[in-house]
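Turn these sequences into a full structure, and let the hints steer you where they fit.
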Amino acid sequence: MGWTFYDSSGRKLNTTSTLIDNLDIANATDIGAAIVDEDLLIIDDGAGGTNRKTEASRIKTYIGAAIAHAGNQSTEATTTSTSVADLISITSLSIGTTLPIIGRNLHRKASGALNQGGCGIKVNSTIVGTPNSGNQSDQNICGGNGGEDSVASGHAIWELTHIATNYDRSSAVGLYVSKGSGFFGKDATAKTAARPDATTTSLTINGISTSASSLIGADEFHIYTVAVS
Amino acid sequence: MLYVFSGFPKNGLNASGLQLCIETVEGLGILEHDPAVQYRKEGVFAANTDEELYPLEVVMSPSLERDGINWDWFPSNHAFGNGVTIYKSTANPDFKLVVHGTELNLDEFVAEHGATSLAELALERMHVKHEGWQEYEARWLPGTCPMEAHVVHLTWLVTTHKLPAFAYERIRSLIEDGAEPEQSEIYVRLDEPGRYMSVPIAFTGVEYAVSQHS
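If you read the sequences in order, they're chains A and B.
Heads up: the first sequence begins at 1 in the numbering used here, then just goes up one per residue.
Heads up: the second sequence begins at 1001 in the numbering used here, then just goes up one per residue.
Honestly, the hints are just simulated from the structure, not real lab data.
Careful, some of the hints might be misleading.
Stated by the list, open to error - Simulated DEER-style distance windows between Cβ atoms: (1) B:Leu1121 to A:Gly49: 55 to 61 Å; (2) A:Val226 to B:Ser1184: 42 to 48 Å; (3) B:Asn1070 to A:Ala193: 28 to 34 Å; (4) A:Ala164 to B:Glu1182: 55 to 61 Å; (5) B:Val1199 to A:Ala193: 32 to 38 Å; (6) A:Gly49 to B:Ala1122: 55 to 61 Å; (7) A:Asp39 to B:Thr1102: 37 to 43 Å; (8) B:Val1025 to A:Ile163: 47 to 53 Å; (9) A:Val226 to B:Gly1114: 32 to 38 Å; (10) A:Ala26 to B:Leu1123: 36 to 42 Å.
Claimed, not checked - Covered stretches of chain A (chain B as the covering partner; in silico rule of three or more C-beta atoms under 8 Å from a C-beta of chain B): (11) 81-93; (12) 104-111; (13) 199-210.
This structure is a prediction, so every number in the text was calculated from the model and none was measured.
We put the CB at the ideal spot given by N, CA and C, even for glycine.
What follows is the structure, encoded as structure tokens:
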């Protein structure tokens, strides 16, 4: 005994081919949950008329899994590097030279043999502040001397001034608050180089530690521009 | 040797934890810790100088190419340092609400065309591909740059010698698959939770503010 199928509009469905406009999607029950990897979708393989099923997980691969790898989660940037390493970048910017840039970031050190470390700032490919592990370094936006096995953290607020004739722009000047053993206990005065006289397209916080047995961490890097007269 | 992997360790290890795992707990390799050695995009240099020490050797995880990232993704003067680093990079496209068929927002449209009935207008969201965005998009393999706010995580490490295949695969699995490290209790320090582990946080993609494009 054969079966005859009809859609919700009473149209007879062909057993060999069914037009997609026969599907009544609007009146279907909503999935009622987030799409997960195992959900199935219909796909016309190569637009050749051969319909196949595919798991939703394949879409993540197709569109690029850099984001999926993180599971829509983020984590702090950390390093054990004893030479300067880039930690966090904010990219895709287009900030003109007439605009000051204000930045803020968190930073920390863990216990271990590390007692000194620092974070600097890079504008595009120019290092404006070289992270330096010296206690009294004036190249850092944050950094300084702690003590072996001490745990310390703080946050910094700093400004890269705009390009103004006759006014100095050779440093990122700011302040920061620290907690624990005096680490990151010096004013932010990164002044390795001047802010480039070009559109700022990226900003990077870099870091260094004096001992690979511990780490420097940075997170919550935000930047803002402000209007000038 | 510089090894670059996609993402950050999903098992929660931070740079210090991953280093402990590689060098001490599982004995997978020896990391470069000489403060005089700095890996950069352009080569291996004496730290903070342009004196090149030796040629750069890099292994990029196959996952990176799938993500759209190859060596060209890194900008000039990118610093890898030495040891272990867990890095992140954020990008946020600028959008502008414009009158359909123009690049003018409502205010600009009215200023140019005078009083206009809203019923005659359609609005659309336009991605402003300014200089910074074009530069960023060009770093990705064609067609792979995400067009929404996003964060890219990378983990890299510098070793003194080439890793054997089993060690490479184990490290790749620890980072990209979130494989459980051996003796995982070692990394949990109740007196200092951040010593070897980092806490994952939610990323909304809108937590930094830069918009200067009209």
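Verification of the hints:
The hinted window of 55 to 61 Å between Leu1121 of chain B and Gly49 of chain A is violated, with their beta carbons roughly 41 Å apart. A hinted range of 42 to 48 Å holds for the C-beta pair Val226 of chain A and Ser1184 of chain B, which are about 47 Å apart. For Asn1070 of chain B and Ala193 of chain A, the Cβ-Cβ distance of about 29 Å falls inside the hinted range of 28 to 34 Å, so the restraint holds. Look at Ala164 of chain A against Glu1182 of chain B: about 57 Å separates their beta carbons, and that is inside 55 to 61 Å.
Take Val1199 of chain B and Ala193 of chain A: their Cβ atoms lie about 35 Å apart, and the range 32 to 38 Å holds. Between Gly49 of chain A and Ala1122 of chain B the beta carbons are some 35 Å apart, a value that contradicts the proposed interval 55 to 61 Å. Range check, Asp39 of chain A to Thr1102 of chain B: about 39 Å between beta-carbon atoms, so the 37 to 43 Å window is met. Between Val1025 of chain B and Ile163 of chain A, the C-beta spacing of about 51 Å keeps the proposed range 47 to 53 Å intact.
For the pair Val226 of chain A and Gly1114 of chain B, the beta carbons lie near 33 Å from each other, so the given range of 32 to 38 Å is met. In this structure the hint that Ala26 of chain A and Leu1123 of chain B lie 36 to 42 Å apart at CB is violated, the actual value being about 25 Å. Coverage of the segment 81-93 of chain A by chain B holds [criterion: at least 3 residues with CB-CB distance below 8 Å; count 13]. For a cut-off of 8 Å, the count of residues in the segment 104-111 of chain A with a CB near a CB of chain B stands at 3, and the three-residue condition holds.
Interface restraint, the segment 199-210 of chain A with chain B: holds (7 residues with C-beta to C-beta distance below 8 Å; minimum three).
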